[in-house]
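Heads up: the protein sequence lines correspond to chains A and B, in order.
Position one of the first sequence corresponds to residue 1 (our numbering), numbered consecutively onward.
Position one of the second sequence corresponds to residue 1 (our numbering), numbered consecutively onward.
Because the hints were derived from the structure by calculation, they are not lab data.
Note that the coordinates shown come from a computational prediction; the quantities given were computed from them, not determined experimentally.
Wrong hints could be hidden among the right ones.
[What the hints assert, rightly or not] Derived DSS-like pairs: lysine-lysine, alpha-carbon spacing no greater than 25 Å straight-line:
1. A:K34 <-> B:K160
2. B:K186 <-> B:K176
3. B:K211 <-> A:K55
4. B:K206 <-> A:K18
5. B:K52 <-> B:K286
6. B:K131 <-> B:K176
7. B:K135 <-> B:K160
8. A:K18 <-> B:K52
9. A:K16 <-> A:K55
10. B:K131 <-> A:K110
11. A:K34 <-> B:K52
12. B:K52 <-> A:K110
13. B:K313 <-> B:K53
14. B:K31 <-> B:K199
15. B:K313 <-> A:K55
16. A:K16 <-> B:K211
17. B:K186 <-> B:K131
18. B:K313 <-> A:K34
19. B:K160 <-> A:K110
20. B:K52 <-> B:K211
21. A:K34 <-> B:K53
22. B:K314 <-> B:K286
23. B:K52 <-> B:K313
24. B:K286 <-> B:K313
25. A:K110 <-> B:K199
26. B:K199 <-> B:K211
[Stated by the list, open to error] A short list of chain A residues far from chain B (calculated; beta carbon distances all over 10 Å):
27. E6
28. N15
29. T33
30. I35
31. D48
32. E59
33. H63
34. P72
35. G99
36. P108
[Said to hold, decoys possible] What the simulated footprint calls covered on chain B by chain A, stretch by stretch (three residues with Cβ under 8 Å from a Cβ of chain A suffice, anywhere in the stretch; the number is not a length):
37. 288 to 299
38. 303 to 313
Heads up, the beta-carbon is just placed ideally off N, CA and C, and yes, glycines get one too.
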Amino acid sequence: MLENTEETPLIGLLNKIKEIQTAGDRLVQICATKIGGNYELLYTFGRDYDIRHIKVTIEPGAHVPSITDMFPAAYLYENEIHDLFGIAIDGINHDYKGGLYRTPVEAPFK
Amino acid sequence: MAAKRSVIPFGPQHPVLPEPIHIDLVTEDEKVVEAIPSIGFVHRGLENLVTKKDFGEMVYVAERICGICSFGHGYGYVDAIEHIMNIEPTGRAKYIRTLLFELSRMHSHILWLGLMADAFGFESLFMETWKYREKVLDMLEAATGGRVIFSIMRIGGLRKDVPDDILSGFLPELDKIEEGIRACEKAFLSDPAVLGRLKGVGYLSKEDAVKLGCEGPFLRASGVARDNRMKGYAAYSDMDFDIITSDDGDSYGRCYVRIQEIYQSANIIRQCIEKMPKEGIYVPIKGFPNGEYMTIIEQPRGGACYYVHASGKKFIERMRVRTPTFANIPALAKTLQGCDVADVPILVVTIDPCISCTER
Chain A
1 MLENTEETPL
11 IGLLNKIKEI
21 QTAGDRLVQI
31 CATKIGGNYE
41 LLYTFGRDYD
51 IRHIKVTIEP
61 GAHVPSITDM
71 FPAAYLYENE
81 IHDLFGIAID
91 GINHDYKGGL
101 YRTPVEAPFK
Chain B
1 MAAKRSVIPF
11 GPQHPVLPEP
21 IHIDLVTEDE
31 KVVEAIPSIG
41 FVHRGLENLV
51 TKKDFGEMVY
61 VAERICGICS
71 FGHGYGYVDA
81 IEHIMNIEPT
91 GRAKYIRTLL
101 FELSRMHSHI
111 LWLGLMADAF
121 GFESLFMETW
131 KYREKVLDML
141 EAATGGRVIF
151 SIMRIGGLRK
161 DVPDDILSGF
171 LPELDKIEEG
181 IRACEKAFLS
191 DPAVLGRLKG
201 VGYLSKEDAV
211 KLGCEGPFLR
221 ASGVARDNRM
231 KGYAAYSDMD
241 FDIITSDDGD
251 SYGRCYVRIQ
261 EIYQSANIIR
271 QCIEKMPKEG
281 IYVPIKGFPN
291 GEYMTIIEQP
301 RGGACYYVHA
311 SGKKFIERMR
321 VRTPTFANIP
331 ALAKTLQGCD
341 VADVPILVVT
351 IDPCISCTER
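Make the full structure from the sequences, and use the hints.
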C-alpha cells in the first residue's frame, strides 16, 4: 500500500476531493491501474513536498465524476484515463471524446 | 464592432516543433483569445510494456521514453523498484547518479537555449550554445559510453563504475562550459532585440502556476520555490544548493531560471566529484518486487512521477510516468491567452516541451 493513501468509495469521491481543494492542495496526477477485473484510480495531491493519494476502486462500466470543476487542469488526466482504459468520466471541462490519444487499438489498457 | 474570431491551427508540424503537438488558436485579429491543445499523435504505449518485459529489462525501456532526459526516466523507475524491494544503493552509486542527473540537466537546458535562440531567429547564438552542449555530451559519453541512452542504471545501483580519473577530468571541462555559457548569457538576458521577444511575453502568475499544476523552471519562473531535488533523493541531501526562482513570470524569467540552473548543475557536479565515496556501485537483489511506490524527481523540465504497482511476479502490473510536459500543457494554454499570434512559437518553446516524454 502506498504511504499516505486513503481509500474512498466512488460515491464519496467528489466530497473528498472538495475537502482536499479547500485545504489548498494542488493536483499532482491521476492514473488508473487494472487490477484483476476492476480498475483502481489513484488521485495524487501535494502541498509543497508532502504528497497524499486518494484511491478509488471501480468496476468495469462504472461512470466516474470529473473533478475539473475543482481542479481545472485535471482534464488531460481524465481524458487519458478514458482513452487508455475505456473508463467513462462524466462532466470533463475539455472533453476530447476519445480523441486525445490516436491509438490504433481503442482503449489499449482495457 | 467586435473583431471576427478565427481558428488558426498551430502544429502538429511547425518549424519550432521537433515533435508533434497541435494547438487550435482562437484569435481575434492578431490576438489569441483561447488555445486548445491536442496531443497523442505519436503515443507509443511504453507504460504497457511492463506487462510483457521482465522488471529488470524494463529499466532500458524506461530510459527510452525520451532521448534528452533518459537518465532521469531510468532513475525514476529504478528508484520506485528499489523502494518496493527495500534496497539501499551504495553511497558511490548515489553520487554517480546525482552527477549524471546534473549532466543531463545541463545538456537539456543548453539544448533549450539553442532551440530558443533558433525560435527567435538568432542562428549564431543557437550554434554557439550547442557547441557547449556537445562538450556536455562528450562528458556523458566518457562516463557512460552513451551520448543519448546511457544504459548505466540498474536496480540496486549501476552497471559500471566511472573511474576517478575520468571524474576529475570533468572539472576543467565544467569551467570551460560555464565560461562559454556566461558569454552567451549576455545575449539572452541583455541584448535589446532578444529582450523585445522575451520581456513581458507569456506572463503566468504565481497563483495560476500552482493552480494549473505547473512544474519545473516554468513554475519557478513564476516565483514558486519548489524543486523536488530539495527532498534529498540520490545524493542531493549532501549537496549545497538553493532553489532558483524569478518573479518575472514571463519568457525572460524562464530563460533566466534555466541559465542559472546550468551554473547550479555545474556546482553540484563539482561537489559530487569532491565528495565521491570510494565504496562499490551495486547491491545484489533477490526475488521480485511486491508492492506500490511513487517516486517524484526533478527532471530538467520539472517534477516527474513514476508510479509502480507490482505483485511479486516477474512482470509488473503497472508503471505510470507523469512527465513534466504533460503537467505543463494546461498552463501553456493559459499563457497563450492574450498573446500575439507572432509570439506563439516562442511561448511554446519557453515551456521546453518534450513530446517524446508526453507520448510515452
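Next item on the list: Just double-check P72 of chain A for me: nearest Cβ-Cβ distance to chain B has to come out over 10 Å.
Entry: Per Cβ check, P72 of chain A is inside 10 Å of chain B; nearest 7 Å; violated.
Notebook entry, point to check: Taken at face value, is the distance from the CA of K110 of chain A to the CA of K160 of chain B at most 25 Å?
Noted result: 39 Å, violated
Item checked: Given coverage of the stretch 303 to 313 of chain B by chain A, tested with a Cβ cutoff of 8 Å and a minimum of 3 residues -> holds (count 4)
Note to self: What's the verdict on K314 of chain B and K286 of chain B, does the C-alpha distance respect the 25 Å limit or exceed it?
What the structure shows: 12 Å, holds
Note to self: Minimum C-beta separation from E59 of chain A to chain B exceeding 10 Å: can you confirm that?
What the structure shows: 18 Å, holds
Check: Do the alpha carbons of K18 of chain A and K52 of chain B lie within 25 Å of each other, as the hint requires?
Finding: The given pair, whose Cα atoms are some 38 Å apart, is violated under the 25 Å limit.
Check: Taken at face value, is the distance from the CA of K55 of chain A to the CA of K16 of chain A at most 25 Å?
Finding: OK: K16 of chain A and K55 of chain A at ~11 Å, within 25 Å.
Checklist line | Interface-negative label, N15 of chain A against chain B, beta-carbon threshold 10 Å | finding: 21 Å, holds
Checklist line | Given hint K176 of chain B paired with K131 of chain B - CA-CA distance at most 25 Å | finding: Holds: K131 of chain B and K176 of chain B sit about 11 Å apart, inside 25 Å.
Note to self: K52 of chain B and K211 of chain B were given as a pair; does the straight-line alpha-carbon distance stay at or below 25 Å?
What the structure shows: Roughly 37 Å separates the two Cα atoms, so the pair is violated.
Note to self: Would the non-interface assignment of H63 of chain A survive a Cβ cutoff of 10 Å against chain B?
What the structure shows: H63 of chain A clear of chain B: closest Cβ-Cβ about 22 Å, beyond 10 Å.
Next item on the list: Would you check the hint for K313 of chain B and K55 of chain A, treating anything up to 25 Å between C-alpha atoms as holding?
Entry: 23 Å, holds
Checked against the numbered hints given earlier, this structure breaks hints 1, 8, 10, 19, 20, 25, 29, 30, 31, 34, 35 and 36; the rest are met.
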